[in-house]
Amino acid sequence: MMLARVADSLYWVGRYVERAEHVSRLADVMLNATLDRSNAANQTARIALGALGDTVTASEQSLYDAARVLTLDLDDANSVRMTVASARENARQVRDQITTEMWERLNLLYLRVTGDAAGRAFDRGSSAFLHEVIADLHLFKGAADSTMSHGEGWRFLVLGMHIERAQLVARLLKAAFGEGDLGGNDHVTLMNVLRMGCALEPYLRTYTAEIEPRHILDFLLFGEEFPRSIRFSTARIEEHMAEIASHVAFAGRARPERLAGRLKARLEFTDLEELESTGAGALLTSVMGDCSRIHEAIYQTFVAYPLEMRLPA
Amino acid sequence: MAEPRSTLETQTPPAAEAFYRPGVAFDEMYARDGGVRNHYGVMHDRLTTLSAEDLAARQSTLERSFLLQGITFTVYGAEATTERIIPTDLIPRIIPSQEWDKVEAGLTQRLRALNMFLADIYGEQKILIDGLLPRELVLGAPSYRREMQHLHVPHKAYANVCGSDLIRQEDGQFAVLEDNLRVPSGVSYMLANRDASRRTFPGSFRAASVRPVERYPDLLLATLKSMAEEWRPDPQVVVLTPGVYNSAYYEHAYLARLMGVPLVEGRDLVIHENMVYMRMTTGLQRVDVIYRRVDDDYIDPLTFRRDSSLGVGGLFNAYRAGNVMICNAPGTGVADDKAVYAYVPEIIRYYLGEDAILPNIETFLCREPAQLSHVLDNLDKLVVKAVGASGGYGMLVGPHASRKEREDFAAALRADPANYIAQPTIQLSTAPCLIDGKVETRHVDLRPFILSGEKIVVTPGALTRVALRRGSLVVNSSQGGGSKDTWILAANTENQPEPEGASA
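Here the protein sequences line up with chains A and B, keeping their order.
For the first sequence, counting from 1, position 58 maps to 58 in my numbering; every step adds exactly one.
Remember, my numbering sits 1000 above the position in the second sequence when you count from 1.
Hints were generated in silico from the structure; no laboratory data involved.
For every residue, glycine included, the Cβ atom is placed at its ideal position computed from N, Cα and C.
The reader is advised that the hints may include incorrect statements.
Claimed, not checked - Short derived list, chain B residues pointing at chain A, Cβ under 7 Å:
(1) Ser1060
(2) Arg1064
(3) Leu1068
(4) Ala1248
(5) Ala1256
(6) Arg1257
(7) Leu1372
One chain only, chain A, in its complex shape (with noise of 0.2 Å):
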């Protein structure tokens, strides 16, 4: 039994946390897609910046300042940055929660993206600066796992990086197949995608090099292994959600914890064929849209949930 607010910062912690490694990643490839004078470097860029709901812009100078307003613009709450200042924000509202541990190492994150120092660290080698955020991210997670209790408090901070995972990943899918137009991406888009979905080497060992848009979507949507597939976050967001909500004399009508399962059921028995026949982008969508329920469901079950009903007899 926790604070319901330390539960819902907690579970912010981890949906900040995932989207600061996601963004960061996205605008690493994109930088990196630049290089190549390829029709290639257009497309990832097309479909980063559609994958975080930006606009498409042309130039090759202007992807530069795309990534840099990416990583560290203060006025998109989006940005690396300011999604780095969220996370570390709420673990302080939280900080006798959460283990010296993870404090520190979200703390040391946040004083190299926030302080005076970032933008020329950025601007000195912007590789080396995103690289340094992803693993730093990294350790913090490590950190959560190998440092705090699993219990409440954890099953709230890694249900919020798995729902904000499973969205994340499928806007990525959504921005890169979701037109039903499987063939118009080149080799080097495929794997830029298969990159920004951080899946690049546990593909290959699947799939060898032959890199196919059907492959992808099957091992990016329903990879049993693989902790980036959404089917895998849905697995666990289930797991978590039926753990905590099993505490809980429910009154309510949300039930976040049978959005979950029947979110995951739908990801275990759809098959690839059936979604050739269908489009991908159906099914992305409403796993979208399930994870936002989901997302609302626990905040009114949880945290926002009227008093009238718990009151002691």
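Based on these hints, arrange chain B on the given structure of chain A.
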């Protein structure tokens, strides 16, 4: 017992390579003749072996560690927000055992008397009936809470956490400058500074045999629990914070973490039928003891300030009904009021029939016409303080003020004399500090922390606050002050009589 001679004794003749010459004020490390005081011997030796670079490197390691731990306050700028650490000096201040024993006895006596005073003021008011203090001075103080009248407080422990400010006068004797009975802060710095100084000077720390401060969180928890154990076995304790934007938030989270109890904000609490609950994910859970780090004015908008969003409406009624303990009790401020302070030695005599072990600083009450005219005639020699203010605000340091500042203050004094007290300008003692890589001397005070619940416990440690500007006497962190660790030495076992039957 003899005066604490060890403080005045020196180990060596004047050190050839002394870091500085002591001034008018009592210096913690060097005696008047320039010799090193006994209890500073180990530290002085260590400092002479370290180069300026060594010292600077250790200082920067310490600062980095504070930054990483988030022992900071936030400066919000246009381009970027900056985290600043509270300035911390790495050279510990050292207090010998016998001297501390007297401080401890004095603080215990003082808090016992002040708790009795509070119980009396919020009870029968015998001390006022006997005419020891002017009635309006107590009942007219803004910190007096009529709502507390006739409420039962277990163990008569009103001020569960007290942080008194002590200074060392020119003759080396400690005196009490101020009692803080409301929501004193700084104890997390005592603990963080200790952690840092152990790592900075491990060898000297071992050699000096320093008394531990690490039990503070569990003693605090036991104190808080003792306030409710009469009516609730194993009571649920929480720490109530104004939130993350409060400058002491780090401390609130730190204490909650080390006690292992929830850190709550006003919005987490719900009052239902005069019981206090906190909103958990699974529903409501009863709260029995609230260690509140929110001022009286803000804890309950229904009873105190209506514009407050930091507390929770109805909390005071739950308290009055005896269903929750608020620690410290509301209304303790009436006993640390700067005007009431002047009467504390008499308060001790009145309730305990003892002389105060720790003296007060001579204090002039401007509410008395004769004392006011003395103050106005001697503004250039006195420190004048507004009764209601704290943190170094609303204060005139006569000898350091300009003629214009003194004239402005004199006008304020005449307009509202009851609002001011004055004290002679005291040369706080000085202690060695690391300033820009060099060992220099700066003025310091001493804030020990005293817990009172079922019993009174003084933690053998303190926050030593430092006026970092050369010559400055103002140690408040809001006015350019810093802090450092304080080593209270264990009694020298070699000088203790052997227990009977012990073999050599």
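Evaluation of the provided hints:
Below 7 Å, beta-carbon pairs count as interface contacts, and Ser1060/B has none with chain A, the closest being about 15 Å; its hint is therefore violated. Interface hint status for Arg1064/B: violated, as the beta-carbon distance to the closest one in chain A is roughly 10 Å, over 7 Å. Interface restraint check for Leu1068/B: the shortest CB-CB distance to chain A comes to about 5 Å, inside 7 Å, so the restraint holds. Because the beta carbon of Ala1248/B sits about 13 Å from the nearest beta carbon in chain A, more than 7 Å, this interface hint is broken.
The criterion of a C-beta within 7 Å of any C-beta in chain A is met by Ala1256/B, whose closest approach is roughly 4 Å, and the hint holds. A cut of 7 Å between beta carbons decides the hint on Arg1257/B: the least distance to chain A is about 4 Å, and the hint holds. A least Cβ separation of about 48 Å between Leu1372/B and chain A goes past the 7 Å threshold, and the interface hint is therefore violated.
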